[in-house]
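Visitor: With the hints as constraints, model all of the structure from the sequences given.
The residues making up each chain are set out below.
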Amino acid sequence: MKITEAEVRYVADLANLRLTEDEIGRFCAELGSILTYMDKLNELDTGQVEPMAQVLYDAEETATLRADREGSSLASEAALANAPQAGAGYFKVPRVIER
Amino acid sequence: MEIASLTIDRVREGLLAKRFSAVELAREALRFAEAENPKTNAYLHFCPERALAAAQRVDERLAAGDDLGPLAGVPVAVKDVILTRGVRTTCGSRLLSDYIPPYDATAVIRLEEAGGVILGKTNCDEFAMGSSTENSAFGPVRNPVALDCVPGGSSGGSAAVIAQGTAAISLGSDTGGSIRQPASFCGVVGVTPTYGRVSRYGLVAFASSLDHIGPFGRTVRDAALLLRVIAGRDPMDSTSAFAPVPDYLAVLDGNVRGMKLGLPREYFKGLASETGDRIARGVKVLNRLGCEIRDISLPHTDYAIACYYIICTAEASSNLARYDGVRYTTRSCGSETLSDMYRNTRGEGFGAECKRRIMLGTYVLSAGYYDAYYLKAQKVRTLVAKDFSEAFRQVDAIVTPVSPFPAFKLGEKVDDPLAMYLSDIYTITGDLAGIPCMSVPCGTTAEGLPVGMQILTRHFDEARMFRLADAFERAGGAEG
Numbered sequence: 002m003k004i005t006e007a008e009v010r011y012v013a014d015l016a017n018l019r020l021t022e023d024e025i026g027r028f029c030a031e032l033g034s035i036l037t038y039m040d041k042l043n044e045l046d047t048g049q050v051e052p053m054a055q056v057l058y059d060a061e062e063t064a065t066l067r068a069d070r071e072g073s074s075l076a077s078e079a080a081l082a083n084a085p086q087a088g089a090g091y092f093k094v095p096r097v098i099e100r
Numbered sequence: 170m171e172i173a174s175l176t177i178d179r180v181r182e183g184l185l186a187k188r189f190s191a192v193e194l195a196r197e198a199l200r201f202a203e204a205e206n207p208k209t210n211a212y213l214h215f216c217p218e219r220a221l222a223a224a225q226r227v228d229e230r231l232a233a234g235d236d237l238g239p240l241a242g243v244p245v246a247v248k249d250v251i252l253t254r255g256v257r258t259t260c261g262s263r264l265l266s267d268y269i270p271p272y273d274a275t276a277v278i279r280l281e282e283a284g285g286v287i288l289g290k291t292n293c294d295e296f297a298m299g300s301s302t303e304n305s306a307f308g309p310v311r312n313p314v315a316l317d318c319v320p321g322g323s324s325g326g327s328a329a330v331i332a333q334g335t336a337a338i339s340l341g342s343d344t345g346g347s348i349r350q351p352a353s354f355c356g357v358v359g360v361t362p363t364y365g366r367v368s369r370y371g372l373v374a375f376a377s378s379l380d381h382i383g384p385f386g387r388t389v390r391d392a393a394l395l396l397r398v399i400a401g402r403d404p405m406d407s408t409s410a411f412a413p414v415p416d417y418l419a420v421l422d423g424n425v426r427g428m429k430l431g432l433p434r435e436y437f438k439g440l441a442s443e444t445g446d447r448i449a450r451g452v453k454v455l456n457r458l459g460c461e462i463r464d465i466s467l468p469h470t471d472y473a474i475a476c477y478y479i480i481c482t483a484e485a486s487s488n489l490a491r492y493d494g495v496r497y498t499t500r501s502c503g504s505e506t507l508s509d510m511y512r513n514t515r516g517e518g519f520g521a522e523c524k525r526r527i528m529l530g531t532y533v534l535s536a537g538y539y540d541a542y543y544l545k546a547q548k549v550r551t552l553v554a555k556d557f558s559e560a561f562r563q564v565d566a567i568v569t570p571v572s573p574f575p576a577f578k579l580g581e582k583v584d585d586p587l588a589m590y591l592s593d594i595y596t597i598t599g600d601l602a603g604i605p606c607m608s609v610p611c612g613t614t615a616e617g618l619p620v621g622m623q624i625l626t627r628h629f630d631e632a633r634m635f636r637l638a639d640a641f642e643r644a645g646g647a648e649g
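Going down the list, the protein sequences come from chains A and B.
Be aware that the first sequence starts at 2, since it is given in the working numbering, and climbs by one per residue.
Be aware that the second sequence starts at 170, since it is given in the working numbering, and climbs by one per residue.
Careful, some of the hints might be misleading.
[As the list claims (entries may be wrong)] Below, computed lysine-lysine pairings styled on DSS-like, alpha-carbon distance capped at 25 angstroms:
hint	chain 1	residue 1	chain 2	residue 2
1	B	K208	B	K582
2	A	K3	B	K438
3	B	K438	B	K582
4	B	K429	B	K453
5	B	K578	B	K208
6	A	K41	B	K429
7	B	K582	A	K41
8	B	K438	B	K453
9	A	K41	B	K555
10	A	K3	A	K41
11	B	K555	B	K429
12	B	K578	B	K438
13	A	K41	B	K548
14	B	K438	B	K555
Derived from the structure by calculation, the hints contain no laboratory data.
Guide: Structure below.
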C-alpha cells in the first residue's frame, strides 16, 4: 500500500500535528508498510461477526449508575495549576474571535 | 537487612521483630536506590518526603499496636504514567516534564493505605507506547541483568527496579504486553489482571479498551498480594468490575495436580530455539507436578498484531488529543493563532513513536477508512477473544512463552517500528481478550538472559493463575 505525501499532510492536519518535511517523508514509507501489514485482516470473512468494543463481563446494565448527588471535585485553582497560562479562573489561549 | 532482596514478608518480620523501623528502612531503601539508579536509569525521580511520611505513619501504627496493613513499610516504585498527587508524573514525555498531578490514582491510594512506601516514579516508553523503554524522552532504561540490553517495555523501569533490588514491588501498566514482556526480560514476576479488575482512575489513558494497571514482584506471592490490595470495584472508574476479590494467598498451596494446561500450537511454531527449549523444560516441570498437558489451537493468533495495532492506535489518537497546549504544562511559544498553538505544541512535544501512533490511529479512523480498519479490527478482536473462550472449555490454563526472544540489545530494533510491533505477538492476545495473564521466570539462556513463561486463565480467575505460577516457582522453575 502506497501512502502519498498529500495523504500524510491531510492526516497530520486532522490530528493537529505539525510535522517537519523530514517526518512527512519518513511517515510515507512507515505508514505504507504498516498499513500493508494490516491488510492481512482482509483474509478473514467477518460478515457475521459482531464487533467487540469493550471487554464485557456480567454486570447489570444499571450497575455503574450512582445516585445523582453532589460530591466533591477539584477546586478550580488545582485544576488550573498545570496550565501554561491561566488567569481569573480560566485557561488562557491565543485570541480566537476578532471583534 | 538485605535491601536488594526484600520481600513483603521479610519487611513485616523485620518491623515486628523491631530489627528496623519503617522510617529507617525507607531511608536505607532511598539511599540505596538513589546510589544504584545511574546504572540503569530505571527511576525518573524520587519522592523522599512522601516516602518518609508514609513510613512514619507505619511506625505510628506499630507503636500504637494498630493493624499494620498488608504492605506495611514495603518500598514500592510506581510507573510514571500513574498519577501521584504533588509528585511529578511525566509519562516519559517532554510534554509533561513539569506536570504535577492534583490527585492520586486509586491504585496509589490503596497501596499507601495498606502501608506501602512509594520511593519514586519509574521510567517508561512515552505514554506507555513501546516495547523497549527506548521511547522515553528521558533516556532509555538499561536491563539490570545485562546492561547493554533493553529491559523491555513499556514498563521497563518498573521491571528493572525489581531486578536491580531498588524496590520490593512496583506498579506498571499493560496495554499490549507492557508488564509481562519487561518482567520476562528482567527475570521478575509481572501480572496483567483481568480487564476491569483494577481501577484505572489516575492512569493516564493510552488505549482505554485495553489499558490495565498491574503489579511486579520478586515472587509470585508478592505480586499476588499487591494485586489483592489494589483490585476491586472503584466508583471513580465505571469500567472497574464488581467481581469479588478472593484472598489469593490462600490458594498458594503448591497443589496443581490434575490441572489441565493447554499449549497453543500457534505460539510454538518458529520460536527461537533457546526460548522454546526453556519453555519446554518449564512445561515438563508442570507435568511432573501433576498437570495434564494438552495441545490446543488459538486459530486467529496470526491476525492479532494487525488487529491490536489498529485498535490501540485509534484509541491513542483520541486519548492524546488532550495534549494541545491548553491544560498540561507545555505550550509552544510564539504561536499567533489557537490552531497554530495546538499544532506546534504537539509537533514539538511528542516523540517519534507517539507521532507515528497518532498518525496511524487518525488514518484508520478517518472518513472512508473506519469500516475497513477500525470496525474490521473490532470484529477480528471478537474472533481472538472467542479462540480463548473455546480453549477454556478444554483446559484450565494456557501456557506459552512471553516473548519470541530474550532481551535484545539497546538500539537493535529502534529503527524498524514494524519489527518492534511484531515482537508483541504472544502478549497482545491476552489484552485483546481481556483475560488475566502473567509472566513467571522460566530459566535463562546460555548468555544468562532471563526467559519468561506466560500463564493465561479465564476472566477473573487470577487465583488459578497464581496457584500454578507459585507451584512452578516452588518447584524451582525451569531448573526444578
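Visitor: What hints, given by number in increasing order, does this structure fail?
Guide: Violated: hints 2 and 6.
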